[in-house]
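A.B. asks: Protein chains in written order, with our numbering: chain F, 226 to 621; chain B, 226 to 621.
One or more hints might be untrue.
Note: identical chains are not told apart, hence a pair may lie in one copy or across any two.
Unchecked claim - Simulated pairs of lysine-lysine, BS3-like, Cα-Cα distance not exceeding 30 Å:
#1 LYS542 with LYS554
#2 LYS549 with LYS371
#3 LYS554 with LYS429
If you're looking for bench data, these hints aren't it; they were derived computationally from the structure. Predicted model only: the values in this text are computed from it and were never measured.
There are 2 protein chains.
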Amino acid sequence: MPFEVLKRIPGTEARLGRLVTAHGVVETPAFVAVATRGMVKSVSAEDLEDLGVQILIANTYHLFLRPGAEVVAELGGLHGFTSWRGPWMTDSGGFQVFSLGAGKVHGVGKIASIFPGEARPSPAGVSLVKLTEEGAWIRSIFDGAKLFFSPEEVIRVQRLLGADVILPLDECTSPFHDEAYTRAAMERTHRWAERALSVFETTKGLGPNPAQELWGIVQGGAYEGLRRASARTIASLGFPGFAIGGSLGKSKEDMYKVVEWTVAELPSDKPRHLLGIGTIEDIVEAVRRGVDLFDCAAPTRLARNGALLTLSAPGFKLNIDNAKFRRDKKPVDENCDCPTCRRYSRAFLHHLLRAGELSYFRLATLHNLRFMVRFMAWIRGELAQGRLPALEKVAQ
Amino acid sequence: MPFEVLKRIPGTEARLGRLVTAHGVVETPAFVAVATRGMVKSVSAEDLEDLGVQILIANTYHLFLRPGAEVVAELGGLHGFTSWRGPWMTDSGGFQVFSLGAGKVHGVGKIASIFPGEARPSPAGVSLVKLTEEGAWIRSIFDGAKLFFSPEEVIRVQRLLGADVILPLDECTSPFHDEAYTRAAMERTHRWAERALSVFETTKGLGPNPAQELWGIVQGGAYEGLRRASARTIASLGFPGFAIGGSLGKSKEDMYKVVEWTVAELPSDKPRHLLGIGTIEDIVEAVRRGVDLFDCAAPTRLARNGALLTLSAPGFKLNIDNAKFRRDKKPVDENCDCPTCRRYSRAFLHHLLRAGELSYFRLATLHNLRFMVRFMAWIRGELAQGRLPALEKVAQ
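With the sequences and hints as input, model every part of the structure.
C.D. replies: Written out as structure tokens, the structure is:
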């Protein structure tokens, strides 16, 4: 039984579970740390083990370009190549097709209004992508070369990379796509999902990990009819797990509704992954609505930008660049057991960041990752006690 | 007895020793890791402990600018601020006075021909320094503000920083300075050394570390008469240890002669530090000529640039950026016990470097630092056995 629901909160979709992979067990709800190019930025595999990180997600598009899927396969797949021997996921590259294509033209990310910096329509955004029924032509961000990503090629590449959970190529839509376009893209995503399943069968034995699972991705934007239809269609194809992809609307409320509509149509005994989402609030809200897995670059990117996660600061972030920390002997968070908080003061981290020292990036990342690990453990603890996690409780 | 010679190699100046500081013992000959702004670039204090690094050197000029000496003192001095609780040295800022002044005008570093990239006369080099008998006016590299560095101020700052071994302000000369200028600079350095000693006495009790030692710096460029005179004069002032500073000539042969002349005039029972030098060959040659301590940014800078130290590669460097390592499953050095070699392949390090991943910098730095630690231990082992270290032996 690769996924097991251990406990449900009656009257809600929230549940405690465990996902069993060939490379270890993931207790859910879980945070999947983002290791786009094979390692979480600024840290090492030992660091991730020490922090209690359970599972990583790498990116098919980036690894396809460098060092190449054949190279990774030859070196033992992601597990052997990177030396992270725990569970791996790989994203399909579908989000890059979007972010270099329609996302660039519309100047948006997954949600129109959540990330102000990413939500501006960008008049200079020219698509690097040409989508056809066959697949996606993308210009390489490295040398401008034209690359072709088909549903089949993306599965073949992920077979070689050898992650435990892999995903089919999908077409993400933007919050500014109308219902007609979103429907057409969703239908294409469904056809691509069938092609992916088919080639997943015929490539059995390719690559270093015979125990891979291919999960389905639900699309449909923030249109209720489309989301529900997509979830039903993708569920009907027999995937052992599901990801919620694409546009999540124009507000947090839209996102929570998208999750509700999707979860309502998915089988209740299969794992559900919300792609690319991971603020503290969003995780709690999505767990309450039945999501089991989250990947998000925000905790590590925030760390590098000076925002250190703590439940005791407004917005759950302490901006270590703030001049008020120049002489502050306290750790970032007195309740944190991470290697950074155990040893370094806010003043020293402030100094390292201001001085542009490389050491800063790792120490900050260790803290934010450990925060996420402990935060997810707190959520699981609440669920284990039969309680729905509520931020008002921890923030007190 | 703060410094003890444990064994000498008859007929040479080479010796095995130990330097006792208030924060630990340094077995000599030793490599002093460069932590300019309070931490060795890209690593942490735990890393340095795990690697067996014995002692660090920070820079007075950089810490004076950021975060400021008073801030460091308030946070417990370098030991408390950085959490590296082992021995610390601080350089005086004299080298920055040079590198932002005459070194910039002449386009050179400590030796004219050793570092090709640093040895070009730079026609655009305009001095940011104005030297007077009183001290040095320097324009801040941050905001262009004028700063005044006097021998007295530099001691006061180092009292506040609290390193175990501190150095007086000196005037470094370039290999292109003539004998007359080099003599005048040397004589000024001697007068500054006396002023430093005097204020070192009157500032007793200032700062977090009452057990500081002030060592003297020998100048005189690559002129035999001047070097010998400087060593005799500085030795006569009663410093408990000595650093060899300034220009070391126009070739490695010049440098080795400078070391010989200087060592010949210094007391044989006091420690000797060769400032800013640290290639494998230079360390062996200088140890044979009686040097006990070396600081050099090269091992860590080389790591960040892709050059990983190993006795088995030509020039003792393996260029991990080379395409031939793309599929190489071996560790950087099969004989190395560093955390990087124990776990990661050349292929993965090559990938991380090519991908510009921050994780690379730490893994590479860990390797090169561990190499230096083991290399110095090998030198001490040879001396302990009564043998003069010889590179021909290890390179086989």
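A.B. asks: What are the numbers of the hints that this structure violates, sorted from low to high?
C.D. replies: none
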